[in-house]
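J.: What follows is the residue order along each chain.
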Amino acid sequence: MSVKLRHYDVILSPVITEKSTSASESGQVIFNVARSATKAQIKEAIEALFEVKVKFVNTLLCKGKVKRFRGRFGRRSDFKRAVVTLIDGYSIDVTTGL
Amino acid sequence: MQVFEKLSDGLKREIQVVIPYEDFNCEINKHLSELKERVHVPGFRAGKVPISHLRRLYGPQVMKKALDSLLKETSRNAIESCCEKLAFQPQIDLSDSVQDLEMVIRDRIDFSYLMSFEILPEFELIDFSKLEIMRMVISISEENVLESLEHIAESNRPYIKKEPGSVSIRGDRLIIDFKGMLDGKPFEGGTGDNVSLILGAGDYISGFEEKLVNVITGSDLSFTVTFPDDYPVRALAGQEVDFMVHVREISGPSETTLNDDFAKSLGFESLDLLKEAVRSQISKEYDSLSRQSLKRALFDKMEEIYSFDVPPTLLQSEVTSIWKQVQHDMEEKGEKIEDGCSLEEETRSEYKRIAERRVRLGLVLSKIGELNGIKVTDNELKKALGNQIRQYPGHEEEIFQHYKNNPSALSGLQAPVFEEKVVDYLLSLVKTIDRIVERHEVLNYLEGEDFLLQPLDPQVVKKLPKRKKQ
Chain A
1 MSVKLRHYDV
11 ILSPVITEKS
21 TSASESGQVI
31 FNVARSATKA
41 QIKEAIEALF
51 EVKVKFVNTL
61 LCKGKVKRFR
71 GRFGRRSDFK
81 RAVVTLIDGY
91 SIDVTTGL
Chain B
99 MQVFEKLSDG
109 LKREIQVVIP
119 YEDFNCEINK
129 HLSELKERVH
139 VPGFRAGKVP
149 ISHLRRLYGP
159 QVMKKALDSL
169 LKETSRNAIE
179 SCCEKLAFQP
189 QIDLSDSVQD
199 LEMVIRDRID
209 FSYLMSFEIL
219 PEFELIDFSK
229 LEIMRMVISI
239 SEENVLESLE
249 HIAESNRPYI
259 KKEPGSVSIR
269 GDRLIIDFKG
279 MLDGKPFEGG
289 TGDNVSLILG
299 AGDYISGFEE
309 KLVNVITGSD
319 LSFTVTFPDD
329 YPVRALAGQE
339 VDFMVHVREI
349 SGPSETTLND
359 DFAKSLGFES
369 LDLLKEAVRS
379 QISKEYDSLS
389 RQSLKRALFD
399 KMEEIYSFDV
409 PPTLLQSEVT
419 SIWKQVQHDM
429 EEKGEKIEDG
439 CSLEEETRSE
449 YKRIAERRVR
459 LGLVLSKIGE
469 LNGIKVTDNE
479 LKKALGNQIR
489 QYPGHEEEIF
499 QHYKNNPSAL
509 SGLQAPVFEE
519 KVVDYLLSLV
529 KTIDRIVERH
539 EVLNYLEGED
549 FLLQPLDPQV
559 VKKLPKRKKQ
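These protein sequence lines are chains A and B, in that order. Under the working numbering, the residue at position 14 of the first sequence is numbered 14, and the numbers go up by one with no gaps. Take the position in the second sequence, starting the count at 1, then add 98; the result is the number in the working numbering.
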C-alpha cells in the first residue's frame, strides 16, 4: 500500500517509555495518534508507513489532567494512544524515527 | 588492534594503527553503560533506559569519549609493542580519520589513524671508572687572605672624634641635625636628627655635602640647595630648598692596623681567628669554582665520547629555549633584538651546537640516573625550594604558593637537583687528577660557558617518573 499524506496525520509520534520498551519485546509498538483516528485507519497508516503487517490495534483515550493556574482551572488536551500488535516476524525500530 | 610501520627514518617513526569496528563499538557501549546510571530520560526511571535509546540520544558525545580513551590505550599499546622509548609525546594525526568516524559507525568499517613520534637513541654507557678527568685546584696563598683582610679593614674604618673647634675636611664623618624647608614649609623626609654623614661619600644630594666642608663642631648653618631635576620624588625635583643644619660632632678617619683589637671590633677573638674565617670563605669560593670546572671537564669528556643522533624535536625545542633566553638577556641589557630570521648563520649554528650538547648530555645523565636508581627525594626538593624562596626576600609566601600550585614549576626545580646528584655519582666513579692553577685560569676556562654548564633539559627529567610507572 502506498504512503498517503493522511497517514502522517494519523500517526503523531512514537511513545518511548520503559513500558513501551518492554511492550516491544512482545511485538507491540505504542504510538500517539490523532484523537479522531479509528483502529482501521491506524492499522492502514502503520502498514503503509513502516511496511509491516499489523495483527490488531488497541486504542485508549486519555483525558487531559486538570491543572490550576493562578486559582483558575485549566485542562490539558486529551490524547489517544494506540498499542499496535504486529504479526510475528515484523518489527519497528521506533528510535530511528520516520 | 593492528600496527603497521609506515616510516622509519633515523629516529623518526610513523605508524598506522587500525582499530577494528568491534573494539570501537565495544568501547562505545562501555561508555554508554557508565552513562546509564547517571542520566535521567523522561519516561524512564533512572538506570532503566535501554542502551539503544541512550545511544541515539548521546551517541556523538560518547563517540568522542570512546575515541579518546581508545586512542590513549592503543597508542600506548602500539608503542609498547614497538618496544621503544619515546623522546616525547607522540603526535596523533586524526585529520583524515575524524571525517571517517561517521562512516565507521554507519558502515561498520575499521577505524585507523596515523601516529608519528621520535624515539630516544640507543647508546651504551661507558665505564666511568676508567675516565680520567683533570680537576683544577686553586691554592690559597697568604697574600689572598691579606688582600681580602684589607678590604674588610677599609669598609670598617673607625672614626675618632676630633677636638672641638677643628674644621671638617673631606673624608670626615659628621653627625648632624637638619631641617629642610620648601617654600617656608617643612616637607616629608626633609628633617633628621643625629644623622651620620661622610663627606665625599655622595650619599646626599649634590651641593649638600659641599656646604658642610670647613665647618666646626656645634656650628649652625643655613643654606639653599637645588634638588637635581631627576630626583625621584617629583615634588622636590628641581626645587630650591632651604636647609638649617646643626653640626653635632665631627670625627676623622683613622688608620686601621690589622691586629687583635681590629679583629675584636668585628666580633672575632683574635686576628688569627679572623684570618681563619677569611681563609675558609675564600676556600669555599675556590672549591665551588673547582667543582664547576670539574663538572665542565666531565661534560666535555662525555661529549667527546658520545656522538649519537639526538631527536630533532627535542633539539629544536632546546634551540628555541636558548634563543628565548638570549633574547631575554638582550632585552634586559636594553640591546636591540635581532629578528630570528636575520640571525647570522654562524650564531645560529653555534646555538644548535650548544643545544645538541645539552640534549645529548641530558639524555646520558638521565639514563645514568635511571640505571643507578638516583632519585630526587622530597627532602632535597624542599631544600631546593627553600633556596629558591630565599632569593626573593619579602615574597616568600607568593613564591611558595606558586610552586605549590604549579607542579611543572616544581619539576623544573627538580632538574638541577637531579643533575647535581648524577654528577656527584659520576665524580665518585671517575679518577680525578689534581692540578694546581691560579684563580683567573679557572675563570677563563669557565667564562661564557653558562650554556654548556646546564645540560639537562627538564623535559627529559620530567619523563623519568612517568616511564617508571609504566
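Since the hints were derived computationally from the structure, they do not count as laboratory data. Some clues are possibly wrong.
Claimed, not checked - Taking lysine to any residue and the SDA-like style, the derived pairs with C-alpha atoms no more than 20 angstroms apart in a straight line are:
#1 A/K19 x B/P284
#2 A/K63 x A/A34
#3 A/K65 x B/K146
#4 A/K19 x B/K146
#5 B/K146 x A/R76
#6 A/K19 x B/S381
#7 B/K146 x A/T21
If you're wondering where the values come from, they're calculated on a predicted model, not measured in any experiment.
J.: Evaluate each hint against the coordinates.
T.: Status of each hint after checking the structure:
Only pairs whose Cα atoms come within 20 angstroms are accepted, and A/K19 paired with B/P284 is rejected, the gap being roughly 92 angstroms. About 14 angstroms separates the Cα atoms of A/K63 and A/A34, which keeps this hinted pair within 20 angstroms; it holds. The hinted pair formed by A/K65 and B/K146 fails the criterion: a straight-line CA distance of about 26 angstroms is larger than 20 angstroms. Restraint check for A/K19 and B/K146: satisfied, since their Cα atoms lie roughly 11 angstroms apart, inside the 20 angstroms limit.
For a cut-off of 20 angstroms, the pair hint linking B/K146 to A/R76 is broken: about 28 angstroms separates their Cα positions. Annotation: proposed proximity of A/K19 to B/S381 is violated, straight-line Cα distance about 89 angstroms (limit 20 angstroms). For the hint pairing B/K146 with A/T21, the CA-to-CA distance comes to about 10 angstroms; that is within 20 angstroms, so the pair holds.
Going down the numbered hints, you'll see the structure goes against 1, 3, 5 and 6, while the others check out.
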